[in-house]
Amino acid sequence: MMTQTMIAPETLEDALAAMHAEPGSMALAGGATLVAMMNAGLVEPNSLVALRHVDTLRGTRQLDDGGIELGAMRRHRETALETPFKDGQTVLSYAASQIANPTVRNMGTLGGSIAFNDPGADYPAALVAANATILIVGATGTREVSAEAFFVDWYTTALEAGELVAGVRVPAALVGSIGHYEKLARIAGDFAVASVALQVTWSGDSIAAARIAIGGSGPTPLHLAEADDMLIGTGADSDALSKAGLLLAQAADPVDDVRASADYRRKVIPRLLAKAMREIAPAREAA
Amino acid sequence: MKFEDSFVVAASPANVWRAITDPGVIASCLPGCEDIEALSPTSYRAGIRVEVGPIKATFRVEVELTDQDMPNFVRCITKGEEGTRASMLQATSELTLRDIDGASTEVAYDSDVSVTGRLGKFGLGVMKKKAESLGCTFAENFRVQVEAA
Numbered sequence: 321m322m323t324q325t326m327i328a329p330e331t332l333e334d335a336l337a338a339m340h341a342e343p344g345s346m347a348l349a350g351g352a353t354l355v356a357m358m359n360a361g362l363v364e365p366n367s368l369v370a371l372r373h374v375d376t377l378r379g380t381r382q383l384d385d386g387g388i389e390l391g392a393m394r395r396h397r398e399t400a401l402e403t404p405f406k407d408g409q410t411v412l413s414y415a416a417s418q419i420a421n422p423t424v425r426n427m428g429t430l431g432g433s434i435a436f437n438d439p440g441a442d443y444p445a446a447l448v449a450a451n452a453t454i455l456i457v458g459a460t461g462t463r464e465v466s467a468e469a470f471f472v473d474w475y476t477t478a479l480e481a482g483e484l485v486a487g488v489r490v491p492a493a494l495v496g497s498i499g500h501y502e503k504l505a506r507i508a509g510d511f512a513v514a515s516v517a518l519q520v521t522w523s524g525d526s527i528a529a530a531r532i533a534i535g536g537s538g539p540t541p542l543h544l545a546e547a548d549d550m551l552i553g554t555g556a557d558s559d560a561l562s563k564a565g566l567l568l569a570q571a572a573d574p575v576d577d578v579r580a581s582a583d584y585r586r587k588v589i590p591r592l593l594a595k596a597m598r599e600i601a602p603a604r605e606a607a
Numbered sequence: 050m051k052f053e054d055s056f057v058v059a060a061s062p063a064n065v066w067r068a069i070t071d072p073g074v075i076a077s078c079l080p081g082c083e084d085i086e087a088l089s090p091t092s093y094r095a096g097i098r099v100e101v102g103p104i105k106a107t108f109r110v111e112v113e114l115t116d117q118d119m120p121n122f123v124r125c126i127t128k129g130e131e132g133t134r135a136s137m138l139q140a141t142s143e144l145t146l147r148d149i150d151g152a153s154t155e156v157a158y159d160s161d162v163s164v165t166g167r168l169g170k171f172g173l174g175v176m177k178k179k180a181e182s183l184g185c186t187f188a189e190n191f192r193v194q195v196e197a198a
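Which chain is which? The protein sequence lines are A and B, in order.
Sequential numbering of the first sequence, starting at 321, is according to the numbering used here.
Sequential numbering of the second sequence, starting at 50, is according to the numbering used here.
It cannot be assumed that every hint is accurate.
[Unchecked claim] Here chain B is said to cover these stretches of chain A; the calculated rule only asks that three of the stretch's residues, wherever they fall, bring their Cβ under 8 Å from a Cβ of chain B:
no. : segment
1   : 352 to 361
2   : 429 to 441
3   : 463 to 476
4   : 569 to 579
Hints listed in this document are in silico derivations from the structure and should not be mistaken for laboratory results.
Yeah, the Cβ is synthetic: ideal placement off N, Cα and C, and Gly gets one too.
Using the sequences and the accompanying hints, generate a full structural model.
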C-alpha cells in the first residue's frame, strides 16, 4: 500500500491531532531514516505528519540546574557543532559528530533517530551514558521516560501510537567529568559494529564516578551499574578495564549480521572501552 | 538461519504429541498466528504476523508434515509469502520428543529457515533474534497449556 497523504502542520497540537485522527500515520522529522525505510519498502505508513514547521520542537533551553533541553527537531549537525554542552554532557556531541555523513547530519534529527532505535545508531548509547530523559508528548498529555527505559527492544521504544518525541533533557554532568563516544564501524559513517559511550570523573589518580553504555550490541543500549562500579576507585588500569569490559561483553546480546558476527562484537567491547579511556587521557591531564 | 533449542513439558510424550500435532494448539501458542485451517490430515494453512518495531509483515504459509513417527519425531516443511509484497519464506523443521520419566517430555526443535525479498534487505540478524524470542514465547505458552490440560 502506498502512503496516501502528507500534511505539514504548524503547531504541535495540530500534528498530534492529525496523528490521533489517522491510525497508522507516522511523524516525519528529518526523513534520514524513515524515508530510506519507505524507499526499501520496509515501512509503509498510511500517512505522514511532517514536523518541519513545528517551531516548538526546535529550540534549546538551558535549565537553572545546568541541565539542557534539546528539541526533537534538532539536527545532528547542530548537536555535533553548536555545543551548549558542559563537562560529560559532551558525550552527545561526540556521538552526533559520528553519525553517517554531513548530508545526513544536516537532515537527520535527534527525535527521529531515537524514535527508530536502530541498534547500530549512535544517539541511544550516548543518551543512556548521559542519563538523559526523553520528553514524550501525545494527544492526552506529556510524560517523561529515562533514556534507559525509553529503548525497549529491537527498533522499539516506549512511544505509544500517536505519541511523539518532543525533546530530550540532558542533566548537568558532574563538574570536571569527561564525556566520550568511541565507535567502531567498517567505514566512516556506517552504523556502529559496536560503540562505547561514557562519562567519567577523575579525582586525582582514580576514577570517582563512571557511567558506561554500550551501543550496537543488543536490542537496547547496555548499561550495568556493576560495570561502572568496577572502575570506581581504580586508576583505569588494564585489569579493571578488562573486568568491566568482560562483564559488559557477557551481558551484551549482539546480532550476527553483515557488519560483524556476534562473537566479534563481544570481543571488541572490552577493547573499545580501553580505547575510550586512552582517548580521554589528554582531556584528563588538561582538567 | 538455523534455530535449535529444547524445552521440557511436564506431560507424557503421548499427550505432548497430541498437542504438538494439533494446529489449533500451535496457533494459540504462537504469537501472531491467525486463521489456521487444516487442508488435510497432514497439511494446513495459516497467517503469521511478525512485527519488528515499525516493520510489519504477514506471511501466508502452508505447512506440510512430511514425516511422522508417533510419538517421537515429526518433520515439516513450511512455505509461504507475504501478500502483495515480495518476501518469501521457506523452512524445514524437525521436532524430537524424548521421554524423560514417563511424566515429562523433552521437546527439541531444529529448524532451517530462509527469508528472501524485502525483509532480506533489512538484514536477517535482528529477525533471527526476533524469531528466537518467538520460539521462547511459544515454548512457554505450549508448556503452560499442555500442563494445564
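Checked hints:
1. 352 to 361: Coverage by chain B holds here, the residue count being 3 at a Cβ distance below 8 Å.
2. 429 to 441: The restraint on the segment 429 to 441 of chain A holds, since 3 of its residues have a Cβ under 8 Å from chain B and three suffice.
3. 463 to 476: holds (count 4)
4. 569 to 579: holds (count 5)
In this structure, none of the earlier numbered hints is contradicted; all agree with it.
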